[in-house]
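*Asks:* Given the sequences, and given the hints that come with them, work out the whole structure.
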Amino acid sequence: MSDLVAIVYPSEAKAEEVRQRLFKLQKEYLITISDAVIAVKTEAGPIKLNQLVNTTAIGAASGSFWGLLIGVIFLNPLLGVALGAASGALGGALSDYGIDDTFMKDLSKSMQPGNAALFVLIKNMTPDKVLREIKDAGGTVLKTSLDDSKEQQLRDALAKTSTDPAAPKTNAA
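When you line the sequence shown up against my numbering, it's residues 144 to 316, in that order.
These are computed hints drawn from the structure, not numbers from a lab.
Lysine to aspartate or glutamate pairs mimicking EDC-like chemistry, simulated, CA-CA at most 20 Å apart:
(1) Lys272 / Asp290
(2) Lys272 / Glu171
(3) Lys266 / Asp244
(4) Lys286 / Glu159
(5) Lys191 / Asp249
(6) Lys266 / Asp290
(7) Lys170 / Glu276
(8) Lys303 / Asp291
(9) Lys293 / Asp271
(10) Lys191 / Asp178
(11) Lys266 / Asp178
(12) Lys278 / Asp291
(13) Lys286 / Asp249
*Replies:* Structure follows, in C-alpha coordinates:
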(Lines of atoms letter the chains of each structure in order from A; the text may use other names.)
(Lines give C-alpha, C1' and ligand atoms only; values in the text may rest on other atoms or scores of the structure.)
Protein backbone atom coordinates (compact mmCIF):
# COMPACT_ATOMS: atom_id res chain seq x y z
CA MET A 144 0.00 0.00 0.00
CA SER A 145 1.22 3.49 -0.86
CA ASP A 146 1.08 6.62 1.27
CA LEU A 147 0.33 10.11 -0.01
CA VAL A 148 2.12 13.14 1.45
CA ALA A 149 1.44 16.73 0.35
CA ILE A 150 3.69 19.50 1.68
CA VAL A 151 3.37 23.21 0.84
CA TYR A 152 6.49 25.29 0.14
CA PRO A 153 6.85 29.04 -0.45
CA SER A 154 7.99 28.58 -4.06
CA GLU A 155 8.15 26.09 -6.90
CA ALA A 156 11.96 26.16 -6.69
CA LYS A 157 11.91 25.00 -3.05
CA ALA A 158 9.42 22.21 -3.86
CA GLU A 159 11.60 21.10 -6.78
CA GLU A 160 14.67 21.10 -4.51
CA VAL A 161 12.91 18.74 -2.08
CA ARG A 162 11.69 16.53 -4.95
CA GLN A 163 15.29 16.21 -6.18
CA ARG A 164 16.43 15.30 -2.65
CA LEU A 165 13.79 12.55 -2.58
CA PHE A 166 15.02 11.22 -5.93
CA LYS A 167 18.55 11.13 -4.51
CA LEU A 168 17.24 9.18 -1.49
CA GLN A 169 15.47 6.81 -3.87
CA LYS A 170 18.81 6.05 -5.54
CA GLU A 171 20.10 5.19 -2.05
CA TYR A 172 17.12 2.82 -1.53
CA LEU A 173 15.79 4.82 1.43
CA ILE A 174 12.47 5.60 -0.27
CA THR A 175 10.46 4.21 -3.18
CA ILE A 176 8.39 6.84 -4.98
CA SER A 177 5.49 5.99 -7.28
CA ASP A 178 4.79 9.60 -8.27
CA ALA A 179 5.99 13.07 -7.31
CA VAL A 180 4.07 16.10 -8.63
CA ILE A 181 4.48 19.78 -7.89
CA ALA A 182 1.29 21.86 -7.93
CA VAL A 183 1.84 25.61 -8.20
CA LYS A 184 -0.84 28.21 -7.58
CA THR A 185 -0.17 30.99 -10.06
CA GLU A 186 -0.75 34.66 -9.32
CA ALA A 187 -3.75 34.56 -11.69
CA GLY A 188 -5.28 31.78 -9.59
CA PRO A 189 -5.22 28.54 -11.62
CA ILE A 190 -3.21 25.52 -10.47
CA LYS A 191 -0.34 24.35 -12.69
CA LEU A 192 0.85 20.74 -12.30
CA ASN A 193 4.51 19.86 -12.89
CA GLN A 194 4.30 16.10 -13.50
CA LEU A 195 7.12 13.59 -13.79
CA VAL A 196 5.58 11.77 -16.75
CA ASN A 197 4.16 13.43 -19.87
CA THR A 198 1.58 10.79 -20.82
CA THR A 199 0.67 12.56 -24.08
CA ALA A 200 4.25 12.39 -25.39
CA ILE A 201 4.68 8.78 -24.31
CA GLY A 202 1.38 7.85 -25.95
CA ALA A 203 2.36 9.59 -29.19
CA ALA A 204 5.74 7.82 -29.29
CA SER A 205 4.32 4.37 -28.67
CA GLY A 206 1.42 5.05 -31.06
CA SER A 207 3.88 6.08 -33.78
CA PHE A 208 5.78 2.83 -33.37
CA TRP A 209 2.68 0.66 -33.58
CA GLY A 210 1.28 2.78 -36.43
CA LEU A 211 4.52 2.36 -38.37
CA LEU A 212 4.47 -1.38 -37.81
CA ILE A 213 0.86 -1.70 -38.96
CA GLY A 214 1.51 0.74 -41.84
CA VAL A 215 4.42 -1.39 -43.10
CA ILE A 216 2.19 -4.45 -43.05
CA PHE A 217 -0.49 -2.65 -45.12
CA LEU A 218 2.08 -0.86 -47.36
CA ASN A 219 1.41 2.68 -46.11
CA PRO A 220 3.86 3.42 -43.30
CA LEU A 221 3.43 7.24 -43.31
CA LEU A 222 -0.32 7.02 -42.85
CA GLY A 223 0.23 4.38 -40.15
CA VAL A 224 2.67 6.61 -38.25
CA ALA A 225 0.34 9.62 -38.43
CA LEU A 226 -2.72 7.68 -37.27
CA GLY A 227 -0.74 5.84 -34.62
CA ALA A 228 0.77 9.05 -33.21
CA ALA A 229 -2.59 10.80 -33.12
CA SER A 230 -4.39 7.93 -31.42
CA GLY A 231 -1.48 7.36 -29.02
CA ALA A 232 -1.36 11.05 -28.05
CA LEU A 233 -5.11 11.08 -27.47
CA GLY A 234 -4.91 7.94 -25.34
CA GLY A 235 -1.97 9.35 -23.40
CA ALA A 236 -3.74 12.66 -22.76
CA LEU A 237 -6.80 10.84 -21.44
CA SER A 238 -4.87 8.54 -19.13
CA ASP A 239 -3.81 9.54 -15.65
CA TYR A 240 -0.78 8.03 -13.99
CA GLY A 241 -0.15 8.13 -10.25
CA ILE A 242 -1.88 10.79 -8.16
CA ASP A 243 -5.24 12.00 -9.49
CA ASP A 244 -4.91 15.43 -11.14
CA THR A 245 -8.34 16.64 -10.02
CA PHE A 246 -7.57 15.71 -6.40
CA MET A 247 -4.29 17.68 -6.48
CA LYS A 248 -5.91 20.74 -8.06
CA ASP A 249 -8.79 20.74 -5.57
CA LEU A 250 -6.46 20.39 -2.58
CA SER A 251 -4.12 23.10 -3.90
CA LYS A 252 -6.89 25.71 -4.11
CA SER A 253 -6.34 26.54 -0.42
CA MET A 254 -2.76 27.72 -1.08
CA GLN A 255 -1.64 31.32 -1.40
CA PRO A 256 -0.60 32.45 -4.93
CA GLY A 257 3.07 31.67 -5.57
CA ASN A 258 3.16 28.72 -3.16
CA ALA A 259 3.81 25.21 -4.41
CA ALA A 260 2.72 21.85 -3.02
CA LEU A 261 4.82 18.74 -3.44
CA PHE A 262 2.61 15.65 -3.73
CA VAL A 263 4.52 12.40 -3.22
CA LEU A 264 3.09 8.89 -3.52
CA ILE A 265 5.40 6.70 -1.43
CA LYS A 266 5.51 2.91 -1.73
CA ASN A 267 7.89 2.48 1.20
CA MET A 268 10.57 4.40 3.06
CA THR A 269 12.92 4.53 5.99
CA PRO A 270 11.16 7.40 7.82
CA ASP A 271 13.90 8.58 10.17
CA LYS A 272 16.54 8.89 7.44
CA VAL A 273 14.19 10.51 4.94
CA LEU A 274 12.93 13.05 7.50
CA ARG A 275 16.50 13.94 8.45
CA GLU A 276 17.24 14.78 4.79
CA ILE A 277 14.18 16.95 4.11
CA LYS A 278 13.38 18.62 7.44
CA ASP A 279 15.70 21.60 6.90
CA ALA A 280 13.65 22.59 3.82
CA GLY A 281 10.69 23.37 6.06
CA GLY A 282 7.22 23.33 4.58
CA THR A 283 3.73 22.86 5.90
CA VAL A 284 1.91 19.53 5.74
CA LEU A 285 -1.22 19.95 3.63
CA LYS A 286 -2.48 16.35 3.68
CA THR A 287 -1.22 12.82 4.28
CA SER A 288 -2.55 9.30 4.35
CA LEU A 289 -0.06 8.38 7.07
CA ASP A 290 -1.27 7.14 10.43
CA ASP A 291 -1.62 9.80 13.13
CA SER A 292 1.73 9.17 14.85
CA LYS A 293 3.75 9.25 11.62
CA GLU A 294 1.92 12.35 10.42
CA GLN A 295 2.67 14.10 13.72
CA GLN A 296 6.38 13.17 13.41
CA LEU A 297 6.42 14.72 9.94
CA ARG A 298 4.62 17.87 11.12
CA ASP A 299 6.99 18.23 14.09
CA ALA A 300 10.12 17.77 11.96
CA LEU A 301 9.00 20.35 9.40
CA ALA A 302 7.67 22.79 12.01
CA LYS A 303 11.11 23.19 13.60
CA THR A 304 12.33 24.99 10.47
CA SER A 305 9.01 26.56 9.47
CA THR A 306 8.86 29.05 12.31
CA ASP A 307 10.49 31.75 10.17
CA PRO A 308 8.25 34.52 8.72
CA ALA A 309 8.93 33.38 5.14
CA ALA A 310 7.22 30.03 5.79
CA PRO A 311 4.39 29.23 3.37
CA LYS A 312 0.88 30.08 4.45
CA THR A 313 -2.27 28.24 3.46
CA ASN A 314 -5.87 29.28 3.71
CA ALA A 315 -7.45 27.03 6.31
CA ALA A 316 -10.30 25.11 4.72
